[in-house]
Amino acid sequence: MSVGAAVACCALAAACTSEPVPSSAPSPIRAATTPTETQIERQMRLDYQAAEKAYRANIVEQDRLARAGGVRRATPGLKSTAESEYLSATIASLAYIKRKGWHGTGSTTILGVEHIGWQEKRVRIMSCEDGSGLRLFDESGKDVTPKGDSQFVQSLSVVQRDDRWKVSTFDSKSVKVFEGEPCAA
Amino acid sequence: MRGVIVAIMCGVAINVAVAAPAAADDGARCNRWTRWCKVTSHARGADRDAGVTNRSPSPTQKPSRRYAGNDRVRDARKKFSAAMIAYDRRLARYNRCVLSFNPSANPAGCGNMPTAPNPPQFRTDRFARPGSQPVTAGQAAAIAVARLQLPTIAPGIGPAPDVNPWKMAAVGYPLWLWADGPTHVGPISDSVAGLSVSLDAEVSSLTFRMGDGHTVTCAGSGTPWATAVQPGTKSPSCGYSYAKPSLPSDAYTVAAIAHWAVTWTSNGQSGVINVPAVDTTELPVGELQVLVR
Numbered sequence: 001m002s003v004g005a006a007v008a009c010c011a012l013a014a015a016c017t018s019e020p021v022p023s024s025a026p027s028p029i030r031a032a033t034t035p036t037e038t039q040i041e042r043q044m045r046l047d048y049q050a051a052e053k054a055y056r057a058n059i060v061e062q063d064r065l066a067r068a069g070g071v072r073r074a075t076p077g078l079k080s081t082a083e084s085e086y087l088s089a090t091i092a093s094l095a096y097i098k099r100k101g102w103h104g105t106g107s108t109t110i111l112g113v114e115h116i117g118w119q120e121k122r123v124r125i126m127s128c129e130d131g132s133g134l135r136l137f138d139e140s141g142k143d144v145t146p147k148g149d150s151q152f153v154q155s156l157s158v159v160q161r162d163d164r165w166k167v168s169t170f171d172s173k174s175v176k177v178f179e180g181e182p183c184a185a
Numbered sequence: 001m002r003g004v005i006v007a008i009m010c011g012v013a014i015n016v017a018v019a020a021p022a023a024a025d026d027g028a029r030c031n032r033w034t035r036w037c038k039v040t041s042h043a044r045g046a047d048r049d050a051g052v053t054n055r056s057p058s059p060t061q062k063p064s065r066r067y068a069g070n071d072r073v074r075d076a077r078k079k080f081s082a083a084m085i086a087y088d089r090r091l092a093r094y095n096r097c098v099l100s101f102n103p104s105a106n107p108a109g110c111g112n113m114p115t116a117p118n119p120p121q122f123r124t125d126r127f128a129r130p131g132s133q134p135v136t137a138g139q140a141a142a143i144a145v146a147r148l149q150l151p152t153i154a155p156g157i158g159p160a161p162d163v164n165p166w167k168m169a170a171v172g173y174p175l176w177l178w179a180d181g182p183t184h185v186g187p188i189s190d191s192v193a194g195l196s197v198s199l200d201a202e203v204s205s206l207t208f209r210m211g212d213g214h215t216v217t218c219a220g221s222g223t224p225w226a227t228a229v230q231p232g233t234k235s236p237s238c239g240y241s242y243a244k245p246s247l248p249s250d251a252y253t254v255a256a257i258a259h260w261a262v263t264w265t266s267n268g269q270s271g272v273i274n275v276p277a278v279d280t281t282e283l284p285v286g287e288l289q290v291l292v293r
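Protein sequences, first through last, are from chains A and B. Just so you know, we're using our numbering here: the first sequence kicks off at 1 and counts up by one. Just so you know, we're using our numbering here: the second sequence kicks off at 1 and counts up by one.
None of these hints come from the bench; they were simulated from the model. Everything numeric in this text was worked out from a predicted model, so none of it was measured. We put the beta carbon where it would ideally sit given N, CA and C, even for glycine. Keep in mind that the hints are not guaranteed to be accurate.
[To be verified] Some chain A residues close to chain B (C-beta under 8 Å, calculated; not the full set):
#1 Thr38
#2 Ala89
#3 Gly104
#4 Thr108
#5 Glu114
#6 Ile116
#7 Glu120
#8 Pro146
#9 Phe152
#10 Phe170
#11 Lys173
#12 Ser174
[Stated by the list, open to error] Some chain B residues flagged as far from chain A (calculated, every beta-carbon gap over 10 Å):
#13 Asp75
#14 Pro107
#15 Gln149
#16 Asp180
#17 Gly186
Working from the sequences, and respecting the hints, build out all of it.
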């Protein structure tokens, strides 16, 4: 460093005096500018990932079963990813499709999943579910898709049971467009 | 989905005509395949059948006094649950704004943090049984955190421009960045609908948007610069050096986003709620011309 540069640096720091500069810089705490994930942050990230994975797997299984004509009882695929009222509601809809002799086409589009809250063994997520591409047909091939809302913002509780995450409870809100919803970004 | 669905409630068979799918509202549970929306406030007993849009008592059935009271509780819980969902949405939108805050793109800021809904008010003896509180521990924690007045964290940048004759930071000079303000609050206690909530908040990390397009993220709350620091020393925990000047035209607007991690404990449960907060400062950055004779 040239003399001039050193003078400039000293002036910037306003620390140039004739006295020796005491070396009392704070002791290093963490590596500079490196984001360090704490244990709890890591746990939250892993839990959210696992919960979202279970939820998405459940939606895929629901779609598969609806396309196949519904079911009367929960399949292992549903039971491993859902429980409680969410599983009951899912089975209710799939059993209705079965009873009617319908079958479906299409797949649910999940526009996005927002992480809302975390606590040990339980997370809350918000999902933008677009079911507008889903159709139901009766045995004669007639389109019997019910009228009504098909786009929902779902607020879901996902809980950890042993080593599995399961969608447990939910609340829904129908939307005309997803724009502006946190899960749509 | 037109049809007659038989629901058995309270030991009485009730025919409920489902005229059309209900529009989903807060407090509803909807399925995108059948497009059923079950409104939960009037649902009683187990779900015996599918497709029940809104299980309401038949006109001839007089609800018993006991159920009328339970209905009031359910209605209040439903309204509160719906309000919490709406609050979650507003909060998620607000948090997203803060976390992605860019002063140049969004000079108006993100506004105030949304206000949490009030929990339902009932006689506490109605909720004497375990698990029958009007709010869950998680909901109580969310409300307590929303009530928490976290201190403002200003962007700490050192050495400050006003300590040198040019009143500016210099290109290439190592700046120290830190959270200028209290970085720990708690433990403190609050009570929400009869549930005691203990909170402990700490700044877990900082994100600085430096105003020149660069972002610096650091764990913890950074290390404050002091006049005793040897000139030219890099921060041990959080720092940055500008590559381009902001002057002579303008100053950089630096935004510090503090990531508060609020640990809560209530009713034997615990969790962490993340609360981001943002504040900005102006930082003129220029180039020093060195003369060597």
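Under 8 Å, Cβ to Cβ, is where Thr38/A needs to be relative to chain B, so tell me if that hint holds or is violated. With a minimum Cβ separation of about 6 Å from chain B (threshold 8 Å), the hint on Thr38/A holds.
Would you settle whether the hint for Ser174/A is holds or violated, based on the nearest Cβ-Cβ distance to chain B being less than 8 Å? 3 Å, holds
Least C-beta distance between Gln149/B and chain A, which was stated to exceed 10 Å: 20 Å, holds
Do the numbers back the hint for Ile116/A, that is, is its least Cβ distance to chain B under 8 Å? With Cβ-Cβ at 5 Å, under 8 Å, it holds.
Identify whether the interface hint at Pro146/A stands, where standing means a beta carbon of chain B within less than 8 Å of its own. OK, holds: Pro146/A within 8 Å of chain B, min 4 Å.
Against chain B, with CB atoms and a cut of 8 Å, does the hint on Glu120/A hold up? 6 Å, holds
Please settle this one: Asp180/B was flagged as non-interface, so is its CB more than 10 Å from every CB on chain A? 15 Å, holds
With d taken as the least Cβ-Cβ distance between Pro107/B and chain A, does d exceed 10 Å? 21 Å, holds
Let's test the interface hint: is any C-beta of chain B closer than 8 Å to that of Gly104/A? 6 Å, holds
Was the hint right that Phe170/A lines chain B, CB cutoff 8 Å? Cβ of Phe170/A sits 6 Å from chain B, so the hint holds.
Are all beta-carbon distances from Asp75/B to chain A longer than 10 Å? Given that every Cβ of chain A is farther than 10 Å from that of Asp75/B, nearest at about 15 Å, it holds.
Does Phe152/A pass the interface check with chain B, least Cβ-Cβ distance below 8 Å? 5 Å, holds
Violation of the numbered hints given earlier is absent; every hint is satisfied by the structure.
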